[in-house]
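Participant: Throw the hints in and build the complete structure from the sequences for me.
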Amino acid sequence: MEHGPGVPLLIRIKSSTFWAIPPALAALWAPVGAVVYLSIEEALRTLFPGAGRFEERPARLSEGQALALEKSRRSRPRTTEVKRWRVWEGARPAGWVYWDQVTGKHEFITYAVGIGPDGAVRGVEILEYRESIGHEVRSPKWRSQFAGKTSRSPMKFDVDIRNISGATLSCRHVTDGVRRLLTTHDLLAEES
Amino acid sequence: MTSWPKNPDSAVRCRPLLGTYVVVEAGGLPEEAARAAIGEAFAEVERVQRLMSFHDPASDVSRLNTRASQGPVPVHRDTFLVLEAAARIRIGSGGVFDVSVGGPLVRAGFLPRPAGAPRPRLGACGEDIKLLSRNRVRFHRPLWVDLGGIAKGFAVDRAFDVLSGAGAAEILVNAGGDMRFRFRRPRPLFVRHPREPRQARALGLFSAGALATSAPTFSRRRGGGRWATPYHVPGARWPEDLKGSVTVFSKTCLTADALAKVAALAPGSSLPERLGARVFRLP
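In order, the protein sequences belong to chains A and B. Position in the first sequence (from 1) plus 171 gives the number in this note's numbering. Position in the second sequence (from 1) plus 12 gives the number in this note's numbering.
Just so you know, these hints were derived from the structure itself, not from any lab. Values in this document were obtained by computation on a predicted structure and should not be read as measured data. It cannot be assumed that every hint is accurate.
[Said to hold, decoys possible] Covered by chain A, according to a simulated footprint, are these stretches of chain B (three or more residues, beta-carbon under 8 Å):
1) 121-127
2) 143-149
3) 212-218
[Unchecked claim] Stretch by stretch, here's where chain B covers chain A in the computed footprint (C-beta under 8 Å, at least three residues):
4) 206-220
5) 228-241
6) 268-275
Don't be surprised by glycine CBs; every beta carbon is placed ideally from N, CA and C.
Facilitator: Here it is in structure tokens:
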């Protein structure tokens with residue numbers, strides 16, 4: 172049990188709220204997996220529950236706009252394509268929803284930002300959260316670094332992030348991404 | 013690869029709040045009710061964040077840091093409750109847990125310097141925070157309070173209460189690893205590897221309570237020529253360089269978060285045991 176949190180789990184404890192698990196299972200390290208929280212359709216309805224209609228209005232940043240964006244923000248756009256929806260409440264425009272992705276050292280995140288007609292953020296929803304990027308987990312090299320730590324039995328599941336306690340992963344990349352989208356929104360508004 | 017089986021009738025959402033990713037799950041409610049309850053739970057987290065943020069100049073914490081050394085400052089009842097809990101844990105831990113860590117954390121670069129706040133006096137500590145009647149607070153000497161982790165724990169507890177009040181039978185609120193839950197059937201909960209953050213392992217099967225972990229995984233940084241983590245031992249000039257992780261299972265997330273710091277900084281402390289909490293250590 173060299174990696175044991177060892178001692179507490181070897182003792183079987185039973186109380187109304189906590190059961191120790193067998194040491195063999197407790198010694199098993201599993202990769203932290205991906206979670207899909209919302210589809211973009213669900214996110215649109217969550218960000219603007221009162222909306223009647225969402226009109227897809229993709230845009231493309233000009234070279235000048237992309238350059239201006241890169242200069243003003245630390246968070247660099249992945250592409251010049253902008254995926255967005257115009258929100259309608261009846262005949263009245265009620266705002267916008269932008270779809271975006273950010274990649275950090277530890278995470279790959281898809282999210283949606285609702286922006287009101289006043290240009291202020293109405294809400295941010297995470298659509299998909301991924302820590303162990305697929306190709307890394309499948310690569311034998313990446314897995315071999317955990318060789319001594321896993322049990323002999325193959326790992327059958329990824330751990331859902333919501334069930335994990337542990338060090339806090341900062342949401343800085345999404346925060347930067349939201350600021351970049353607000354600048355993008357301003358740049359596109361100037362144009363029209 | 014398949015994921016751990018999900019509860020089909022649970023609604024789950026995630027938002028970037030409290031500087032991390034906050035996941036809220038509510039089960040056993042009709043879809044519309046679950047959606048509304050989750051929205052209210054997030055709103056509650058945002059409310060606590062506005063009150064207790066170190067960064068926001070309008071928060072109670074910022075008002076205390078700038079003005080409480082000159083005279084009593086009234087704060088929201090919730091901020092007062094968190095300061096009271098912090099005082100109890102400070103006394104119970106013999107001063108190991110202390111929310112007057114703002115100064116050292118700013119010096120080490122973990123927090124920005126608060127604008128307009130008088131410099132903390134050398135040697136000022138939690139003992140200088142006086143909790144007065146009618147939710148007023150005064151500092152005997154200038155100091156910088158950072159409620160950081162326990163404010164996060166409190167926000168999680170409050171979000172849990174909102175969902176519980178809405179009648180959800182299956183509840184989970186997880187703010188970047190600080191979590192509070194109540195499940196219909198016991199569920200395995202996991203802890204991250206302290207140095208390989210994309211690996212996790214089961215701690216046990218849980219049905220109700222809270223878990224919080226102190227670990228340097230994502231928060232190590234170089235300050236003053238050495239690696240440090242944002243855990244402060246009173247008297248030490250730089251935050252302690254911790255290895256491994258400590259997870260605490262307790263009734264509320266506020267207590268779990270505070271005790272995780274106590275158990276990490278003072279492994280011999282009997283406080284977690286005295287409060288009926290359970291400590292898990294990963295080397």
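Participant: With a Cβ-Cβ cutoff of 8 Å, does the region 228-241 of chain A contain at least three residues near chain B?
Facilitator: violated (count 0)
Participant: With a Cβ-Cβ cutoff of 8 Å, does the region 143-149 of chain B contain at least three residues near chain A?
Facilitator: Since three or more residues must qualify, the claim that chain A covers the region 143-149 of chain B is violated, with 0 doing so at under 8 Å.
Participant: Given as covered by chain B, does the region 268-275 of chain A meet the bar of three residues or more with CB within less than 8 Å?
Facilitator: violated (count 0)
Participant: Taking 8 Å as the Cβ threshold, is the statement that the region 206-220 of chain A is covered by chain B upheld or broken by the three-residue rule?
Facilitator: With 4 residues in contact (Cβ-Cβ under 8 Å with chain B), the coverage given for the region 206-220 of chain A holds.
Participant: At least three residues with a C-beta closer than 8 Å to a C-beta of chain A: is that true for the region 212-218 of chain B?
Facilitator: holds (count 7)
Participant: Can you take a look at whether the region 121-127 of chain B is actually covered by chain A? Rule is 3+ residues, C-beta closer than 8 Å.
Facilitator: Our answer is that it is violated, as 0 residues pass the Cβ test (under 8 Å) against chain A, missing three.
The earlier numbered hints that this structure contradicts are 1, 2, 5 and 6.
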